[in-house]
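S.K.: Sequence:
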Amino acid sequence: MTIDYAEAGWATVASEFGERATEEKQKNHFEELMHFAQRNNITLFWFEAFDEDWKGNDNNPLGAEKHWGIFEIDRTPKLVIE
Numbered sequence: 033m034t035i036d037y038a039e040a041g042w043a044t045v046a047s048e049f050g051e052r053a054t055e056e057k058q059k060n061h062f063e064e065l066m067h068f069a070q071r072n073n074i075t076l077f078w079f080e081a082f083d084e085d086w087k088g089n090d091n092n093p094l095g096a097e098k099h100w101g102i103f104e105i106d107r108t109p110k111l112v113i114e
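Oh and the sequence shown: position 57 is 89 in our numbering, straight run, nothing missing.
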């Protein structure tokens, strides 16, 4: 069996997702997904390393597209990395 993932991630801030977007939930998703990949011998690439404030709507600084990273835009680690 082959499983391919195009992207895997969790936004930590997202006006579109409300309370579902938090650093705690990103950490939980990351850990569960990594354990699943290890148990099933799946190569997995996490999306995204760093927040990207140039993505998405310029008028929405809280948009999900800007907040997928496991590091802030200034390279400060988020909860999942600490």
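Take the hints with a grain of salt, since some may be wrong.
List time: in silico DSS-like cross-link candidates among lysine-lysine, alpha-carbon distance up to 30 Å [unchecked claim]:
#1 K59 x K87
#2 K110 x K57
#3 K59 x K110
#4 K110 x K87
#5 K57 x K87
Because the hints were derived from the structure by calculation, they are not lab data.
S.K.: Hey, K110 versus K87, does the alpha-carbon distance stay inside 30 Å?
M.R.: Holds. K110 to K87 sits at ~19 Å (cutoff 30 Å).
S.K.: Holds or violated: are the alpha carbons of K59 and K110 at most 30 Å from each other?
M.R.: With a Cα-Cα distance of about 9 Å, the restraint between K59 and K110 holds, given a limit of 30 Å.
S.K.: CA of K110 to CA of K57, is that 30 Å or under?
M.R.: The hint holds at about 12 Å.
S.K.: CA of K57 to CA of K87, is that 30 Å or under?
M.R.: holds (22 Å)
S.K.: Is the hinted pair K59 and K87 satisfied, with a Cα-Cα distance of at most 30 Å?
M.R.: Status holds; Cα separation ~22 Å.
Comparing the model with each numbered hint stated earlier shows that all of them hold.
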